[in-house]
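Take the sequences, apply the hints, and build the full model.
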Amino acid sequence: MVKVEFLGPIGLDSIEMDIKSLKELSIYMKNSNELKDWAINSAVAVNDVIVTDINYELKDGDKISILPPVCGG
Amino acid sequence: MVKVEFLGPIGLDSIEMDIKSLKELSIYMKNSNELKDWAINSAVAVNDVIVTDINYELKDGDKISILPPVCGG
Amino acid sequence: MVIKYLFYHQFVGVDLELHSEPLNVDEITSKWYKETNNLNYGAFITFIGTIREENGIEALSFDIYKPILKTWFEAWQKRAKEQGAIVKMAHSIGDVPINKSSYISAVISPKRRVALDLIDEFVEDFKANAPIWKYDVIDGKRVYAKDRSTPMSGAGILVKESN
Amino acid sequence: MVIKYLFYHQFVGVDLELHSEPLNVDEITSKWYKETNNLNYGAFITFIGTIREENGIEALSFDIYKPILKTWFEAWQKRAKEQGAIVKMAHSIGDVPINKSSYISAVISPKRRVALDLIDEFVEDFKANAPIWKYDVIDGKRVYAKDRSTPMSGAGILVKESN
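Residue numbers (our numbering), protein chains in the order written: chain A, 61 to 133; chain B, 61 to 133; chain C, 16 to 178; chain D, 16 to 178.
FYI, nobody ran anything at the bench for these hints, they're computed from the structure. Hints may contain errors.
[Stated by the list, open to error] Cross-link-like lysine-lysine pairs, in silico, DSS-like; alpha carbons within 27 angstroms at most: (1) 156/C - 96/A; (2) 161/D - 90/B; (3) 119/A - 81/C; (4) 175/D - 126/C; (5) 156/C - 46/C; (6) 115/D - 46/C.
[Unchecked claim] Partial chain D-side listing against chain C, Cβ under 7 angstroms, derived: (7) 50; (8) 52; (9) 53; (10) 60; (11) 63; (12) 67; (13) 87; (14) 131.
Beta carbons: idealized from backbone N, C-alpha and C, even for Gly.
Right, here's the structure in full:
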C-alpha cells in the first residue's frame, strides 16, 4: 500500500492505494472527474522527492504527493 | 576665462584658463607632467554635463570638470 | 482539507523560516544583516514581496508543503555555497493582507556580481518551483490563483506516454 | 585639495541622500520601505554594500562630486519611472570602516521582473559612471584605489584625435 496526498488547491483528503507504479496512479487520476485536470498540470513526488519517470516503481509504504501549479511570493 | 576643476584623486587646485575649446585644454594637460596620465583616462564635464566632443567650444565663465576613473560603493 | 494555522515562526532549516502571519520586514532584514555582518561579505541583496491591491482582493493566502520546500531550499543553499554565497528566505503561511509582506529572500556574497545574478535566479526559481500555493481572499473566501500559477518542473508526468 | 567633511545627512535630490558617516542600514532601509509601502508596489529590492577587510585596509574613503551625481541619478529616476518603478540611493562621504555600509540602492516596482532587471543595471551603471572616488585607508593614509576604478563613459576625450 502507498499513501497519496493531494496538495494545495486540489482540496481532497489523502488516500491509500494498492498500486505498484506511477502508471497505475496516472490511470486512476485520469479516470477521476475530480482529478483528471490536475493530472495534466501537477508534478509528482515520492517520499518528498520530485519524480520525472512515469515508470518509477513504488514500494510498500511510499508517500506520493501530487503538486499542482505553484505561485509563491 | 574658464575655470577647470580637477576632481577626486587628481589632487590639484582649480585653475582659471583663457581657452576657447577643449582642444586647448587637451594640449595643456598632455604637456603637464602631473596631468598627462589623467588626460588619458578622465572624462570631462562642462557646467556639470559630460561632454564627448573634443571640438566643443567653450564660453566665458564655463566650469570644466576633469573626472578621473570612478569606483563607488 | 482545511488547515488551521497556529501562530508561530518556524525555522524549517538554517536560513529558511516560515511565519503564520505577515512578515515583519524590518525585523527579519535587520536580523539577517546582523547575522552576516562580520563575515566579510561585500554585497547583501534583499527581495521583499508585498501584497498588492488587485482584482478586489482583501488579502492573499498561502499553503506551503514544507518537506519539499526544505529540499528545494537546501539545493539552493548548496548552489549558493559553491559560489561563496549565502541564501536566506522567509515566507508567510495563511492570510496576508494588502500592503503587508509575504515573502523575503536574500543573497549575501563577497562581491556584487554573484549576488546580482543569484538573486534573480533564486527569485525566479522560487516562483516556478517552490511548493507554495496562492489564493485570493475575496469576501473572506479563498480562491486558488490558478491563472497566475505555474506548473512545477516535472509537471505533466502523469499524462506522458511511457517509453 | 583637502576636503573636510562635517557631520551631515544631505538630500541631494528626492531619493538620493549622502551621509558624512557610515550608513545606518536598518534606519535607511526601514524608512524607504515605509515611504513606499502604501503605493501598491509588489517588489522592493535593496542592494547593500559593506566594506570588506582586504589588503590590510582599515577603512575605505569616498569623494563625491555632487552636481554630476545628481544629474546621473535623475537620469535613472526618469528611466525607472518609464517602467513604473522608483530608484533610491544612499552613499557615504569620507571614511567608512570595515564591516560598515557605504552604499545602499533600492528599486521598487509593481512586479518583480522590472525590479530584478533594474537593480542589476542600476548597480552596474553606478559602479561605472557615478562620480565617486574610492581610497584605501591604510595607516591613516588615503590611497586612491586606482586598480579597481573604471574610466567613466566619455573618458579619453582629451586624447582623441579630433575629426
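Here's how the hints hold up against the structure:
no.: 1; hint: 156/C - 96/A; in the structure: 25 angstroms, holds
no.: 2; hint: 161/D - 90/B; in the structure: 20 angstroms, holds
no.: 3; hint: 119/A - 81/C; in the structure: 23 angstroms, holds
no.: 4; hint: 175/D - 126/C; in the structure: 34 angstroms, violated
no.: 5; hint: 156/C - 46/C; in the structure: 34 angstroms, violated
no.: 6; hint: 115/D - 46/C; in the structure: 15 angstroms, holds
no.: 7; hint: 50; in the structure: 13 angstroms, violated
no.: 8; hint: 52; in the structure: 6 angstroms, holds
no.: 9; hint: 53; in the structure: 6 angstroms, holds
no.: 10; hint: 60; in the structure: 5 angstroms, holds
no.: 11; hint: 63; in the structure: 4 angstroms, holds
no.: 12; hint: 67; in the structure: 5 angstroms, holds
no.: 13; hint: 87; in the structure: 18 angstroms, violated
no.: 14; hint: 131; in the structure: 5 angstroms, holds
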